[in-house]
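Peer 1: For reference, the chains in residue letters:
2 protein chains.
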Amino acid sequence: MPQHNQDRREQGDRYATLTPDELAAVDAQWRAANYLSAGQVYLLANPLLTEPLEPRHIKPRLLGHWGTSPGLNLIHAHLNRVIRARDLDTIAVWGPGHGGPAVIANSWLDGSYSETYPDITRDAAGMGRLFKQFSFPGGVPSHVAPETPGSIHEGGELGYSLAHAYGAAFDNPDLLVACVVGDGEAETGPLAASWHANKFLDPRHDGAVLPILHLNGYKIANPAVLARLPESELDDLLRGYGHHPLHVSGDKPEVVHQELAWALDTALERIAAVQHAARHEGATRRPRWPVIVLRTPKGWTGPAEVDGLPVEGTWRSHQIPLKAARENPEHLRELERWLRSYRPEELFDADGRPTADVLAQLPAGQRRLGGNPHANGGLLLRSLPTPPVEDRAVPVDTPGTTAHEPTEALGEVLERLMEATAERRDFRLVGPDETASNRLQAVYRATGKAWEAETLPVDENLARGGRVMEVLSEHLCQGWLEGYLLTGRHGLFSSYEAFVHIVDSMANQHIKWLRTSRRLPWRRPTASLNYLLTSHVWRQDHNGFSHQDPGFVDHVLNKSPEVVRVYLPPDTNTLLAVAEHVLASRDYVNVVVAGKQPCFDWLSLPHARAHCARGAGIWEWAGSEADNREPDVVLACAGDVPTQETLAAADLLHRHLPGLAVRVVNVVDIARLMPADQHPHGLSDRDYDALFTRDRPVIFAYHGYPWLIHRLTYRRAHHDDLHVRGYMEEGTTTTPFDMVVRNNLDRYRLVMDVIDRVPGLAVRAAHVRQHMVDTRYRHGRWIREYGTDLPEVADWKWGARG
Amino acid sequence: MPQHNQDRREQGDRYATLTPDELAAVDAQWRAANYLSAGQVYLLANPLLTEPLEPRHIKPRLLGHWGTSPGLNLIHAHLNRVIRARDLDTIAVWGPGHGGPAVIANSWLDGSYSETYPDITRDAAGMGRLFKQFSFPGGVPSHVAPETPGSIHEGGELGYSLAHAYGAAFDNPDLLVACVVGDGEAETGPLAASWHANKFLDPRHDGAVLPILHLNGYKIANPAVLARLPESELDDLLRGYGHHPLHVSGDKPEVVHQELAWALDTALERIAAVQHAARHEGATRRPRWPVIVLRTPKGWTGPAEVDGLPVEGTWRSHQIPLKAARENPEHLRELERWLRSYRPEELFDADGRPTADVLAQLPAGQRRLGGNPHANGGLLLRSLPTPPVEDRAVPVDTPGTTAHEPTEALGEVLERLMEATAERRDFRLVGPDETASNRLQAVYRATGKAWEAETLPVDENLARGGRVMEVLSEHLCQGWLEGYLLTGRHGLFSSYEAFVHIVDSMANQHIKWLRTSRRLPWRRPTASLNYLLTSHVWRQDHNGFSHQDPGFVDHVLNKSPEVVRVYLPPDTNTLLAVAEHVLASRDYVNVVVAGKQPCFDWLSLPHARAHCARGAGIWEWAGSEADNREPDVVLACAGDVPTQETLAAADLLHRHLPGLAVRVVNVVDIARLMPADQHPHGLSDRDYDALFTRDRPVIFAYHGYPWLIHRLTYRRAHHDDLHVRGYMEEGTTTTPFDMVVRNNLDRYRLVMDVIDRVPGLAVRAAHVRQHMVDTRYRHGRWIREYGTDLPEVADWKWGARG
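Chains V and G, in that order, give the protein sequences.
Take the first sequence: its position 637, counted from the start at 1, is 684 in the numbering used here, and no numbers get skipped.
Take the second sequence: its position 631, counted from the start at 1, is 678 in the numbering used here, and no numbers get skipped.
Please keep in mind that the hints were generated in silico from the structure rather than gathered at the bench.
A hint or two may mislead.
Given that identical chains are not distinguished, each listed pair holds provided it fits within a single copy or across any two copies.
Derived pair list, reagent style DSBU-like, types lysine-lysine, alpha-carbon separation capped at 35 Å [unchecked claim]:
(1) K370 to K246
(2) K179 to K299
(3) K370 to K179
(4) K844 to K299
(5) K844 to K179
(6) K179 to K246
For reference, chain V alone in the conformation it holds in the complex (with noise of 0.2 Å):
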């Protein structure tokens, strides 16, 4: 016995802990899964095996992950068992989630899975439809997947598990979440953080995680770092990461079976201990949870050899083991030999049904695996109680007069939206370590942020239970609100925009669930993931060119448009207009980009709502156009900044070219571009050429990447005479002002681009296009002298122009 659960010895015989009918129970499981997962894997008809085993009834194509899936089964019995003893609301993340077959397997048994596929009956009818769909085109993924019952976890990317799980914990104070890590998972960043997120997780308010640690040696070709450590390494890791280790390992089912309930028996009573102790007995103290070491043979219980080689228990069990089945009779009769090991007629009556002794230990209804609501979220959903906006909302006589930090006001109006959730629990904001620096400070008058590590008298704004999440992970921020969300909550995450790239692989996955979840009508709709992307490019000042990158909406933009929205409001009342939208919004990947620092304010409550509701619209009070002609030349924005350069050119063309026919479109829903076939948002074509004419030139000042709006826009008309000025990737530590010179994004290149591009100004206006150069020459000399911007552009306004 491993030394490190000596400590833990009295509290139960772990040699002992089932009576010899609850191992015969949790062991006949454990079989019928088990064959389930090798029949999905291999058999496309004769899934009773009712005649010998011929290649005919080999699928042709054997694909799918056959390694984890007896470790899987195992847990999943095992889970079984306590979740029925202890009539536990428990949902399970399944990290090795290529163990696909598994848990469908598990699902099929409990009943779950076919009150979700009624044509898959838990018949030999069904298990032959659920054999066949595995892998099969116009069937089921390989993975655990939306289409998985009981799952909110996607098994393909692997390194999130952990952290959706506590996600999915957070403010479930009845909820278990049981997590298998796999020993290959544990090896990826996302995954080797997420072991420190109980420093967030508070007794009280939250339910509990309990990592299970699965050691099967191997990864697709490789030994597993963790699974190669001296157990007495592994234990200090687990302890350093805060836990309370429980070593389980063999490969013996009948002591594996014992050992393993008694880790799961010890684990939860200390669980229920330290919940007692925090909602009964005021404790404060962080306590150490137990996690479960669990160190199985890979492919356990599948061939041993193959071909003259070591398989079972090693590297060559990963995906198909016996990959010739038919083609080679050899290989065949192997595959009829394990398939027949498990003792089929013992688990499955003459119709295929699940004998008792299979059902003695399931758990029914809602306490299933596969059945319980958490793990489909939108069942229990409520809307968000979001506030009214009014009363953040900034007062707007004339535009271009004050300004206003957007991000501030959206930070009082998740204030009212924490108190008015401090009951409900039910929204979390998320952010790395930056809710203050993006300006979203309000919000600590009303919650504090998590942190049940230890505090000093210096510390500000920590709290148990707090529902701001602060650490300095995105993958950590990023999981956690996909596990809340997937689990029926609502959730805002605050980036700095060029670091949100590092969750674009987790955003691509999420994106992924939705789409597929979309498609599927037993899912419920869930709340959208809602990203605030600000400390945007073109105010880096402390930093420079390591944070410049507004490449996410370009990212984002080539997903499923069916899933993905993106909007720029251009100053603080369209924020809070965008906000009330996407707050209130389901099954969106919704991307807001907003400033923090100051900004114009350009449009009133009542004008911002109705202008973000269109998406895209022409601002009159900004243009000079004659009411009866198009004008001679658009000139287009999106974003902050830009729209501030746009309407400053405006103001210049207004003034040195007073005959000139301007209109003036901002575009905040950036998928009003695209075409209507393309996005359900694209505009028509009849509505794009109403704002950006069908033969005048358009300059567009765009915030990121000024190709997005070409490859969003190549169909429209007159797409030749669209000039886009944005971020190319020109920027160091500089002023707001030369950050913007620097891309050919400021208000006199415009000025210049008009010039250049409105047929017949070139001459005519040939002393205003020099002055515009004179004065970007005259912004180069002071910037270098002074450091500063220069002095009219530091104090332009709009409301100030004559």
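Chain V is already provided as a structure; the job is to place chain G on it using the hints.
Peer 2: Chain G only, in chain V's frame:
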């Protein structure tokens, strides 16, 4: 004294390691660097405080990060001592790279800064310029950056310091890499995963990494998790990571100096003992490398309080402790008091030169951290002895008759390359557990997979000192390779295409590093970072939707065109031709997308080389053009699967519409499509038109998101008649051909596109179009029934056409 250090007490006296002279020298260095750090943040003039401080001496915009600087200065001074005392070859990686002023200050002190930037002389005038340039327009960034002598690590995005340090240490047996890890950075996933990199460091062939975990307690606005663990828990954690921790903490300089000196001496002796045992005594057991834990106040020696609030030792010292030094006389007085507290008159002579006390223990020449050539790796770079690829090329008599796995052939080239560098040890292959999965396994014949943890008899290809690096963390792969390349070596990163998005943000930062380095004449070119993206979107048979994302190409093409290159070789020989090119290149990020599944051979090696050198070209043999007229249609393609479908479509057109003049254009170098003024590889309009015509429809089958092609070509002639097919996020677990059908990239759809787009064909070829529609319908029925591709698709060969 922390109990964890008791076991090492006998090795030295932690309270009296330094002689009084040594103590005075490190303290003088520290004070000087602190003075210079604060000076950079605040002073526009009066650098030596020769007159009382006045508002006009203060910068108009106070930007930068003071909080971390004194800790970095302390470590730098102590590293200087041991480097000099032990004549160590050392570079340092500064994880808290926001402390740019600290690293710059020390480089100025040791003279390396003035050697690099001769106008920043080591005297009063130079000090004045040093101060002014910091975070000033046209000056230097506030972070450690390419501009900083001695650095290989950008201090912007956090999390990669330790991975960079290991990368630098690999195959540099005589190098010590000191790596300062901030407690903020330590919360990130990549850093958390990096601690386990010691399982991949071979004490015989590799140098040493000495992590120095600097706990200054706070991030931007919050305490740091590791800083708030009980010391015993942190000690468990670091032991669990396989390290031997040495703890130093305090806020009394004279005590901390002694303890840190003791810890450094102890760590270096331990490192020397480990290396001696491995290199001379045959030790093979994984050693416990030392780690130093340094706990000192954030903003140490800065203002204790400002405006009545504590600053030193809190998060309030993160950036600018005295924010209003120019406007508020009290802040100005406090700043002067603070600066004079370092006693600059003892540290700099009347001419502003460092005094003998400060210079007493500085290393000289290449031993200086600011002057070590490993940190300007191009100085050490040797050309790679890439073997001729001739004998790995596949013979091609008739195109499209035979098929090979492109990456398998590349694996054989890499095998030769590993052999050729067996002594030099300056090439490594990294990848997340996928070398064999990506079919590069031939490389194992020449070298093993680096692995220092336990091995079992069943393991294959593991080797201490192996130069294939496999770990299930794209972050570690990328970080290791970056560190390896920037210290003057070569490498290749092979990744599943979808999951390379995990390192989107790291790729951003590396591209930014290279873009900046290229503009610094003193930074010598380093080997390119080469990505091989395989297991791509079209062949995810075992996985499905979660593994399908071709968007990394879009991501990198947003970045600086002088750095980014993208290649899509369509077959084995073109992959080999691209590989020889990218392996010899410098200062690029090369993205190569290539399949691992059997793929038709189209071009012989000579043709492949010529085609890749052109980057895009007409495949006359595949078309049906008459000599003297333009074709009726251009079928363009990029990527292996699109090329196959395009050739199959050309075959169908040849059979069904033999009179149609078809041109086939294949694009390998995707930037060829860009305008010549936007990318160095961009084709002139004339050359573009010679390929794509000025007025014929182009049907472009592209590997990735189709709109990328539009974004690259929107300025080209006749862009309205360019029709692109590609991946549209329609994926699942299905067959290869079903994938292309679902995304309208299949041969039948391409033929339909031709019929729809070529004037006059719609009616004349209506029957052919209907045949295509029927075949696609038949495909749908077939696949739902049998789960395999249509036999006529599976059996198709170009070489067999009539």
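Peer 1: It remains to establish, for every hint, whether it holds in the given structure.
Peer 2: Verification of the hints:
Within a single copy, K370 and K246 get their C-alpha atoms only as close as 45 Å, which misses the 35 Å cut-off; across copies the closest is 33 Å, which meets it. Within a single copy, K179 and K299 get their C-alpha atoms as close as 31 Å, which meets the 35 Å cut-off; across copies the closest is 71 Å, which misses it. Proximity of K370 to K179 under the C-alpha cut-off of 35 Å is restricted to the intra-copy arrangement: shortest distance 17 Å within a copy versus 68 Å between copies. For the identical chains of this complex, K844 and K299 are neighbours neither inside a copy (78 Å) nor across copies (52 Å), given an alpha-carbon limit of 35 Å.
Taking CA atoms no more than 35 Å apart as the test, K844 paired with K179 passes between copies only; the shortest distance there is 30 Å, against 68 Å inside one copy. Taking the shortest Cα distances, K179 and K246 never come within 35 Å of each other, neither inside one copy (45 Å) nor across copies (42 Å).
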